[in-house]
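Model the full assembly from the supplied sequences, consistent with the hints where possible.
For the sequence shown, my numbering gives the first residue as -15, with consecutive numbering after it.
Everything labelled a hint here was simulated from the structure, so no lab data went into it.
Note that this is a predicted model, so its numbers are computed, not measured.
Heads up, a few of these hints could be off.
Below, a list of computed lysine-lysine pairs in the DSBU-like style, where the Cα atoms sit at most 30 Å apart [as the list claims (entries may be wrong)]:
1) Lys257 - Lys289
2) Lys283 - Lys382
3) Lys432 - Lys257
Cβ-Cβ distance ranges computed for the label pairs, FRET-style [as the list claims (entries may be wrong)]:
4) Thr351 - Lys504: 47 to 55 Å
5) Glu183 - Gly495: 32 to 40 Å
6) Ala534 - Gln229: 54 to 62 Å
7) Leu400 - Thr351: 51 to 59 Å
8) Gly342 - Gln229: 21 to 29 Å
9) Ala553 - Gly495: 44 to 52 Å
10) Ser217 - Asn318: 44 to 52 Å
11) Lys87 - Thr209: 35 to 43 Å
12) Ala396 - Gln229: 21 to 29 Å
13) Gly608 - Ala534: 21 to 29 Å
14) Glu564 - Gly287: 21 to 29 Å
15) Lys504 - Gln386: 47 to 55 Å
16) Tyr168 - Thr405: 45 to 53 Å
17) Ser217 - Val71: 52 to 60 Å
Every residue, glycine too, gets a C-beta built ideally from N, C-alpha and C.
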Amino acid sequence: IEKYLETTGNADETSFAHVSINNSTELVSYNMLSPVEVYREIPTITECEDSTISASLDFVIKVDTGNGISYYNVTENFRFMYTADRVYLYGYDRYMKQIFDLKQTSLSKSEFKLGVTDPSDVDMVISKDKNRAAFTYDGNLYSYDVLSNTLTTVFTFEEKETDYRRDSYGAHDVKILSMSDTGYIYFMVTGYMNRGAYEGRVAVVLYTYDPNTALIQEQAYIPVTTSYEILKSELIDFAYCNSKQVFYFGIYDTIYAYDLVGKSFSVIAADCKDKFVYSKEGGYLAYDSDDSESIIMLKLESGRKTMLRAGNNKIIHVFGICKGNLVYGRGNKNSICVNEDGSAVQMYTEVNVCDSEGEVVKNFTATEGEISKVTVKGNVTDMTVVVPADNVRGYKYKNSEQIISSLKDEKAEIRLSTRTTDKMMREYYITLPDTIYMAEIPASDKTKSMVVNQDTAVRFTRPDYYTGYFYTYAFGKLVGFSTNAGEVVVLADDNAGSVIDMDGVVVWKRGTAGRNKELKINFPDKAVSSKEAFNEALSILLSSKSVIAARKYDRMNQGVIDYISDFVAKSAGIPVRLEEMEYTQMKNFVSAGFPVIAVTEEGKPYIVYGYNDTEVKLFDPGKGEKTSLSYKKFDKEMGDSDWYYIAFY
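Below is the structure:
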């Protein structure tokens, strides 16, 4: 097996949860585990084209961990390339997740053992009096009653007597929306329904769990006509149900409020991509008004709204959440720069951090220049300050600034913890408060479902503004999505996958670029001004489709993608703007037979018309000259940020 691997020094060698072609032979071959297979699904062919084939294999294994027998769901993904001489392993990923076993609860530390797993889908809550806790794991929901030392399986598709077929098909998620001090839980199940009244359907279902009656009851059923993977991308990662029985959730770039009593819904924020944020710690939503003259902070439990005003001739915009606080900016309405491709960049004069009541706790005001870009990550808000410049974009980089919020060193009442052993490596546990002591393994219980005699269906249609998304598929599954095509291309490259648009048209596919390519293009031999260089590049790009534009491009009136689409039929090629994509991924578009416009961070355009193992072949429309740059020099020429490509697919 060693000759097929591509072992690297930076691969994670500390966990069995995810193993790839980049890991060591020892980890790929399970090291000391000696697993025994107890169930295997029929292999699934996820891709078959030319000399490439991808397959996925699901199975269940058992392992003697040293503390008893544990069972694991395992998925292996393979991508092969075969020639007349041999078979190449092009990609390999293995995912391993322990099946929850109450008997493996750690009494010495009062912890529920999850074991080898990816903890990203674990959701946990605990009541204020610390007498009740709930958590999700592997598509199941559990509720723990401290006083009775009982763990109730609130929701599961699993059954005791099973052939594993339905149990191992994990195409759904469970999310806890809220839990009262009495243990009353609102939770949401999204995806493919393995069992029950909606078996075989894909939907979003809201349930309640009442610990006093041990009943779960359906409150709302939202059917969808798409796959689990697509639904997961269309749902906004936010949902909440308050004590007034108002269900807040997001789908299709829209935030809705559904009244469970009155059976009516309202739109809170429409077309809100990049215009809203959710603070779980603060219990509020914040979103831009339609005219960008105010931000509405909506407290989800009470329904109370706080308005943040922009001020005269100003706009205001949300940027993110930093340790529960809202990060937003103010700018002048007319302070907008239009890039060469027609994209508008709103400038901001100040960035503020405010608490859940709208009170400013930190501020940065640009004393020279304006703020063109703001990103929020963890407790740090990064800002790019620019100043006016005599170039195509009208501005240039000045410096970077930061707002650093203090980290609250508070230990969560219920949290994930890890332990590492030589045999099992990293394993996860759910740790309860120190005040909780388990004298014995908790008793187990399960719920009953109440028969619903009324129609709970709530139907939504996809709005017209929900468009422009690109999807990354790898091994037959959706692994990412974004309106930034370059971002999903990078993801596809990392996962040996492909990118498609919302119509199912393939945008990019790994492994399709030849080692070298040079397009035969009759380039103009005259120089043009820097202000005309982008138009010249556009003319060359259109000529590759045998098109002569009937009018000149005007960036102030139209975006470049819309402009190109006016003259090139979809059947002849679809234009796309790609940010954050590397030159190694750009080569696929050139290899397909059409030039690519590369725009540097300074706004200077080049035509990429070829490449080989060592260099990129370029045409500079400003100088009217051909040139070649090594990949290192080309990377430097493109700059550190704000560069992009325009290509056809």
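Results of checking the hints against the structure:
no., hint, result
1, Lys257 - Lys289, "20 Å, holds"
2, Lys283 - Lys382, "38 Å, violated"
3, Lys432 - Lys257, "39 Å, violated"
4, Thr351 - Lys504: 47 to 55 Å, "53 Å, holds"
5, Glu183 - Gly495: 32 to 40 Å, "38 Å, holds"
6, Ala534 - Gln229: 54 to 62 Å, "58 Å, holds"
7, Leu400 - Thr351: 51 to 59 Å, "44 Å, violated"
8, Gly342 - Gln229: 21 to 29 Å, "27 Å, holds"
9, Ala553 - Gly495: 44 to 52 Å, "28 Å, violated"
10, Ser217 - Asn318: 44 to 52 Å, "36 Å, violated"
11, Lys87 - Thr209: 35 to 43 Å, "41 Å, holds"
12, Ala396 - Gln229: 21 to 29 Å, "28 Å, holds"
13, Gly608 - Ala534: 21 to 29 Å, "24 Å, holds"
14, Glu564 - Gly287: 21 to 29 Å, "39 Å, violated"
15, Lys504 - Gln386: 47 to 55 Å, "49 Å, holds"
16, Tyr168 - Thr405: 45 to 53 Å, "38 Å, violated"
17, Ser217 - Val71: 52 to 60 Å, "33 Å, violated"
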